[in-house]
Amino acid sequence: MMERKLSEAHEAQEQNVELSESVQKKRKIVVPGEIIASGEDYLPSEGARRIGNEIVASRFGLAEEAGRVIKVIAITGAFIPRRNNVVIGRVTNVTFNGWVLDIDYASSAFLPIEECPHFINKSEMTQFLDIGDTIVAKIWAINKRGIDLSIKSRGLGKLEHGFIFRIGPNTVPRVIGREGSMVGMIKEKTQCNITIGQNGWVWIKGNTSEEEIKARKIIEFISENVSVDGLTEKVEEMLS
Amino acid sequence: MSSMDASNITVDHMRKLLSEGKRFDGRKIDEFRKFEVSFDVSNKAEGSARVKLGKTEVIAGVKMVLDAPYPDSPDKGNLMVSAELLPLASPRFEQGPPKFDGIELPRLVDRAIRESGMINLKELVVTPGEKVWTVMVDLYPINDDGNLIDAACIAATAAIRNANIPGIKESGVSDYKNRTKKQIPVLKDCLPLSITFYKLGDAIFLDPTREEAESTDVKINFGLSHWSGKLMINSCQKTGPVPFTQEEIEKMMSILPEKYKELNERLKKFL
Amino acid sequence: MTFKRKDGRKVDELREIKAKVGIIPNADGSAMFAFGDTIAIAAVYGPRLLHPQHMQNPETAILRVNYDLMSFSVDDRKRPGPSRRSQEISKMIEHALMPVLDLKEFPNTVIDVQVYITQADAGTRTAGINAASMALAHAGIPMRSLICSVAIGKQDEELVVDLTKAEEDFEGGEGPSDIPVAKIADTDQFTLLQLDGKIPPQRIKEALVLANKACNEVYEEQKKALKEVAGQ
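Chains as they are written, first to last, in this note's numbering: chain U, 1 to 240; chain S, 1 to 271; chain A, 1 to 232.
Be a bit skeptical, because a hint or two may be false.
EDC-like, lysine to aspartate or glutamate: derived pairs with alpha carbons at most 16 Å apart [to be verified]: (1) S:Lys-177 - A:Asp-76; (2) S:Lys-22 - U:Glu-211; (3) S:Lys-28 - S:Glu-262; (4) S:Lys-55 - U:Glu-211; (5) U:Lys-214 - U:Glu-236; (6) S:Lys-16 - U:Glu-210; (7) U:Lys-214 - S:Asp-25; (8) U:Lys-28 - A:Glu-157; (9) S:Lys-16 - U:Glu-160; (10) S:Lys-219 - S:Asp-30; (11) U:Lys-217 - S:Asp-25; (12) A:Lys-10 - A:Glu-157; (13) A:Lys-20 - A:Glu-157; (14) S:Lys-177 - A:Asp-169; (15) S:Lys-169 - A:Asp-102; (16) S:Lys-177 - A:Glu-105.
I should point out that these hints are in silico values taken from the structure, not numbers from a laboratory.
All chains should be built: construct the whole structure from the sequences, respecting the hints.
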């Protein structure tokens, strides 16, 4: 049941949210219980449901009409994990067969010992990852027990050096930008390595403290101003 | 924000930044964030103040209670400072009996104010040996973004300065509906303030954000005020299992006078 | 002759409402709601892991509400720590909010709702429910609708809306009655119903009708406050 809801969430969050264009794209802020549209033709998707002839919001957020489908996109609130999300997590426990991680979600995540890129014994586990260490990982599966992670792809693995901070998970699409354009611009201008987890955790590693602090400031600025007009121009200004 | 524990790389990075005298928000290591003080948080309180220090927010309320004096001080009123670290303010605070932070915070603020002598307790006597006022200050953090102690002390001092003494009914009971125009008797230039130094690695800094505070394991708190025109340290407590060197302590002594002066002037603007 | 209320309000007139969302940055959702001089703040944390593990429910999230007065919110200082009264009201608020929440979506977790009163002038639980409802929505919790709450009162034989403390202490005739209610917005479903005082059964309907109208006004203010935070 949770998986079906999560794959619907997948659809909703795949799109970039450009809140400043909400009027053109038939988007409006709705509160739970508010009627979004009336008519039998509409199909309620994530965050919406049908009551009789009406489509009603099931959460607070941005209601969007795309053809016949109506959904409510989350603009506040916790991270909703979906399969294949790239997230950053922190080790909270080392068990006999893997590592338990906090990814800022209500259930913890688990990285099996087999995911370690080289062979290690159970006694050597903390040498690879100890409590407080952080990784970039992909969500492999979501089930009743929790969330399973994998680091067996390029760009994934243990994070060394740099630092991590948090932004609201619903602001991540805006910080990443259309096809990564926004974060790409920041990386280029500050010469920093930046990884943005879908769970709102951000990792930065740069060559100088000044550039790292600048990159963080700009990311936080975007995150706090997602619905402001002319955001991209403001960011360009801040970067120059 | 649900996740509150710092990651190892972030702690290491913070240690490096601080040792270079740098911070994420661009402040200097001995720089306090901007703060705002507003009053009249509750019209049921004799006095109240709300302090916003960066994103840290604390409310202090003063209630005055008429009662018998303590047996060992029949000619004085009393002061009592309490605090509740409500789960409201941080995912770190839990329901239930206070943990150490919740026990320490009001005690540090209490000593800073008590030892400064700001409140003239002798003038809070209504009937000697029988009826005195107790000034009860209650502290409530509303949002914890680090340095609750210093913010709470500003709030407590401001709330006490904002308070009006309740009336007394014919029956001898306090009349909260009819407060007098009289304020709590205080030494006007006293203004007790708290300045807490935090240490990470070899770096010593002031007014941490929550993120910075989480990376440290030791702090040393000073309560200061003016007494007879001189700056006095009224209270001090080191908390945490890491030692301070004599040189570090002497360095703090050289920072305190100017820091107290600055905070004092900033607070005066609101009073 | 129209009944005169102490503060000059009409019988069906609410006190001035103030509502604001997002007042506590650390919380997943937060809000403030005031009826006149009664001010409530609420913070929501969750869904998050529930410790200890044995308290977890594998079928559903647990809603945990904690309501209390701040010491200086009332004339006679309230000693810190939960009282029987605050524990009972916490439960009432929990039951008032639960019907609109889809708790089964988050098994083994807890949603913590903290409600505190910074200034009390009667109707504290109703202001608290209104604040908590906005805070839950702000936290992105899936909800069927908002919950709106108000206290209907009675002064002798006159039914009035949103009592002040002075009105609660009314003396004379049938005396005062205090009827706090909460509803699922835009529906006829009541999720909180309590009563203290004297009222004949045949007048309850009248009280509920007054409550409906008042709750609709509350709903409008809650909606406005939520939409304002998104517009930023």
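*Are there hints from earlier that the structure breaks, and if so, what are their numbers?*
Numbers 4, 8, 13, 15, 16 - these are the hints that the structure violates, sorted from lowest upward.
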